[in-house]
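Participant: As they're listed, the protein sequences go chains A and B.
Everything in the first sequence is counted per our numbering, starting at 1 for the first residue and increasing by one.
Everything in the second sequence is counted per our numbering, starting at 1 for the first residue and increasing by one.
Worth flagging that the hints you see were computed from the coordinates, not collected in a lab.
Quantities reported herein were computed from a predicted structural model and do not represent experimental measurements.
Ideal Cβ placement from N, Cα and C applies to all residues, glycine included.
Check the hints yourself; a few may be wrong.
Some chain A residues flagged as far from chain B (calculated, every beta-carbon gap over 12 Å) [said to hold, decoys possible]:
hint	residue
1	F3
2	T5
3	N8
4	G25
5	G31
6	G33
7	G62
8	T69
9	K114
10	K120
11	A124
12	L144
13	S212
14	L214
Just a few of them, taken from the derived set where beta-carbon distance is under 7 Å, the chain B residues facing chain A [unchecked claim]:
hint	residue
15	A7
16	K9
17	L11
18	K15
19	S16
20	L19
21	L23
22	R300
23	L374
24	P376
25	I380
As a list, the in silico DSS-like pairs of lysine-lysine whose alpha-carbon atoms are at most 30 Å apart [to be verified]:
hint	chain 1	residue 1	chain 2	residue 2
26	A	K136	B	K5
27	B	K91	B	K128
28	B	K233	B	K173
29	B	K128	B	K233
30	A	K115	B	K91
31	A	K115	B	K9
32	A	K114	B	K5
33	B	K233	A	K136
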Amino acid sequence: MSFITLENVSMTYGSNGTRTTALSGVSLSIGEGEYAVITGESGSGKSTLLCLLGGLQLPTEGRLVIAGTDLSTFSADSLAGFRGRTIGFVFQAYHLLPYLTARENVMVPMATDKKSSREKVERADVLLESVGLSGKEERLPSQLSGGECQRVAIARALVHDPPILLADEPTGNLDSATGDQILDLFSELHGAGKTILMVTHNHWNIERGTRSVLLRDGRIAEDNPLRPVHRASRLAVPAQAGA
Amino acid sequence: MNIRKLAWKNLFRRKSRALFTGLGIFLGIGTFVAISSITMRMEGAVRDKLDKFGANILVTPRTEQLSLGFGDISLGGTQVAHAQLTGTDEKSIRSISLSERLRMVVPYFLTAADASGKNLVWMGIRPKDIAESRPWWKVQGAELSAPGEILLGSEAAVALDKGPGGTVEAGGKTFRVAGVLHPTGEKEDGMIIAGLDDVRSLAGSPDGVTFFEVAALCKDCPVEDIVAEISTKLPGAKVSAIRSVVESRKAAVDQFRRLGLGVSAIVLAIGGLMVFVTIMGNVQERTREIGILRAVGFRRRSIQSLLFWETGWIALAASVSGGVLGSVAAFAGAPLFGAERGRIEVVPILVGTAIGLALGLLGTVPPARRAASLSPIEAIRSL
Ligand SMILES: Nc1ncnc2c1ncn2[C@@H]1O[C@H](COP(=O)(O)OP(=O)(O)OP(=O)(O)O)[C@@H](O)[C@H]1O
Ligand SMILES: [Mg+2]
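With the hints as constraints, model all of the structure from the sequences given.
Facilitator: The structure is reproduced here in structure tokens:
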């Protein structure tokens, strides 16, 4: 059962003068509960693929269906709403807002939600606790270590309890021990039923996934299942109240 | 956490930028409120003067000026009054159908008479009418209160070398100087002012009136109609509406207001431009932050409302504080502009705040559009 489907997707940047084809004719099908690890050389199109999957941009060609929704029917703006509900993003550089505390950063995606601020605070605190940051809710990103910042970012990605998590080199800025802890967290989330797509440079990380995808020059060079996908119970991650 | 709070947080993160963004609006609204308050006070003062002070209709006997001359050589003229005015004419004036519009009818009697050896003009007026018809008189000494008392115009006082408490001989009687007028710049500076009946008896004209000053309650009153009515009641008199000094002053106030509003408009336009420029730069700087917000699910509308809240707070704070400062400046500066007393005018503050807010939001429209059209990927990838 395919959860994420790319059909002959191409992505070209720039206009006539300086065209760069980041992806050409990529077809990929990812099932629910998979943990796909995407590798490839720098410039091979990994981030581009993730941005397409996250609906941060639309492909120049091809069809993209996520959770039964054809993204090409969306305008760029309604993609944002879709993204907010369906997809959690984790970036290499954390991308926290430096002037907000850990708790406030987690609350940012809820800014437009019709919830009382108490509910929002409670939700943020539950999530921060689940990533092991209780007691550090009031800290600014500058007062947290890199690993802790990435945990905040993961908590933020989980706010709307999205079925899909996309991570672009989430351990890229971390030492290997801290990176392992972050990867443990992803494994835990995978165990809880999230579908995960993670870009990584580190070959040691590949074994964590259920599937390995290698990109080369904007095409899929290799696509190997690593181990069977277990349909996990969704217990480890606190579900969103009312969701 | 909601968009409003996010905006608020952002402001405190960039305090000096926020201050700078609001500066133009602050100054513009300050100028606007100061000028509007002052013009309001000036207009108020002028209107008060128009309404309360001074006459706007003059009733004089119909005279014919017979010029006796040969070519350019004037041999003097003589005024021939066709009919004298009398005290009973006051009743006729008050009997017009628009009489409820008349605030005062004041008879004057003028005559030239010898005063302690100097030939001076005596002005007779009922002491009770002075306060209303000559409110600008400032008397050193006492007001006119009893028969036999006189006030001296400033020049007359010098000519006679008398001050309050002195005496003046005229027509075989002794008049006591109650007070001396501060210079008014008008003809009364050279006159002796005395009770109407005292001057009448000096001239031997017990019921004579030289002219009436009539004041109509006029904001938008039909002076022309009143003039016409009095003319029919007093066929032998010449009734004329006088364009008072006050009216020309009103024109000056109008000019001042136009100039002031022009200046405020320019300052405000600059203020709006400052908002535009600083917020545009701000959006440029925050490309990454905006990208992050977009990535976590903010719609374009949310990004825009974030920016509008930010400038909204700034513009509100800037225009309220500008308005308060402008009012205080107007309060302190009003006397310099001829308004009697400053007063805090609420309307300009409210209008100013509305304008400032509108301007701030208007200046944010282009940057907000730009921010909303930023592509989230480019933003989050630009590391
Ligand atoms: N906004 C853009 N405009 C033009 N070209 C772009 C843009 N974004 C990416 N590219 C190009 O597309 C290609 C794929 O880029 P992408 O970022 O997806 O690679 P990547 O595999 O993520 O690389 P890395 O491992 O260095 O992050 C590259 O050649 C890159 O130069
Ligand atoms: Mg990349």
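Participant: Decide, hint by hint, whether the structure agrees.
Facilitator: Going through the hints against the structure:
1. Taking the minimum C-beta to C-beta distance to chain B, about 20 Å, the non-interface status of A/F3 holds against the 12 Å cut.
2. No beta-carbon of chain B comes within 12 Å of the beta-carbon of A/T5; the shortest separation is about 21 Å.
3. Interface exclusion of A/N8 from chain B stands, the closest Cβ pair being 21 Å apart, more than 12 Å.
4. The Cβ of A/G25 lies farther than 12 Å from every Cβ of chain B, with a closest approach of about 21 Å, so its non-interface assignment holds.
5. Its beta-carbon lying about 24 Å from the closest one in chain B, A/G31 satisfies the requirement of being farther than 12 Å from that chain.
6. Even its closest Cβ contact with chain B, about 23 Å, leaves A/G33 beyond 12 Å, as expected for a residue assigned away from the interface.
7. Against chain B, the non-interface label of A/G62 holds: every CB pair exceeds 12 Å, the least being about 17 Å.
8. With 12 Å as the threshold on Cβ separation, the claim that A/T69 sits away from chain B holds: the shortest Cβ distance comes to roughly 15 Å.
9. Separation of A/K114 from chain B is inadequate, the least Cβ-Cβ distance of about 10 Å not exceeding the 12 Å criterion.
10. With a cut of 12 Å on Cβ distances, A/K120 falls inside the contact zone with chain B, its closest approach being about 6 Å.
11. Non-interface call for A/A124 relative to chain B: violated, since the shortest CB-CB distance, roughly 8 Å, does not exceed 12 Å.
12. Even its closest Cβ contact with chain B, about 17 Å, leaves A/L144 beyond 12 Å, as expected for a residue assigned away from the interface.
13. Even its closest Cβ contact with chain B, about 24 Å, leaves A/S212 beyond 12 Å, as expected for a residue assigned away from the interface.
14. In this structure A/L214 is separated from chain B by more than 12 Å, as the shortest Cβ-Cβ distance comes to about 22 Å.
15. A cut of 7 Å between beta carbons decides the hint on B/A7: the least distance to chain A is about 10 Å, and the hint is violated.
16. Satisfaction of the interface hint for B/K9 is found here, the shortest Cβ-Cβ separation to chain A being roughly 6 Å, below the 7 Å cut-off.
17. With 7 Å as the threshold, the beta carbon of B/L11 stays out of range of chain A, its nearest partner Cβ sitting at about 10 Å, so the hint is violated.
18. Because the smallest distance between the Cβ of B/K15 and any Cβ of chain A comes to about 12 Å, over 7 Å, the interface hint for this residue is violated.
19. Because the smallest distance between the Cβ of B/S16 and any Cβ of chain A comes to about 15 Å, over 7 Å, the interface hint for this residue is violated.
20. A least Cβ separation of about 17 Å between B/L19 and chain A goes past the 7 Å threshold, and the interface hint is therefore violated.
21. Here the hint on B/L23 is broken, as its CB sits about 22 Å from the closest CB of chain A, past 7 Å.
22. At about 5 Å, the closest approach between the beta carbon of B/R300 and any beta carbon in chain A falls short of 7 Å, and the interface hint on this residue holds.
23. With a least beta-carbon distance of about 11 Å to chain A, the hint placing B/L374 at the interface is violated under the 7 Å criterion.
24. A cut of 7 Å between beta carbons decides the hint on B/P376: the least distance to chain A is about 5 Å, and the hint holds.
25. Look at B/I380: its Cβ gets to within about 6 Å of chain A, closer than 7 Å, so that hint holds up.
26. For the proposed pair A/K136 and B/K5, the alpha carbon gap of about 21 Å is at most 30 Å, so the pair holds.
27. A C-alpha spacing of about 18 Å is found between B/K91 and B/K128, which places the hinted pair at or below 30 Å, so the restraint holds.
28. A hinted pair counts as satisfied when its Cα atoms are at most 30 Å apart, and B/K233 with B/K173 does not qualify at roughly 37 Å.
29. Of the supplied pair hints, the one linking B/K128 and B/K233 holds, its CA atoms being roughly 26 Å apart against a limit of 30 Å.
30. The suggested pairing of A/K115 with B/K91 is violated, with an alpha-carbon distance near 79 Å, which exceeds 30 Å.
31. Note on A/K115 and B/K9: the hinted pairing holds, with a Cα-Cα distance of about 20 Å set against a maximum of 30 Å.
32. At most 30 Å may separate the alpha-carbon atoms for a hinted pair to count; A/K114 and B/K5 meet this at roughly 14 Å.
33. A hinted pair counts as satisfied when its Cα atoms are at most 30 Å apart, and B/K233 with A/K136 does not qualify at roughly 95 Å.
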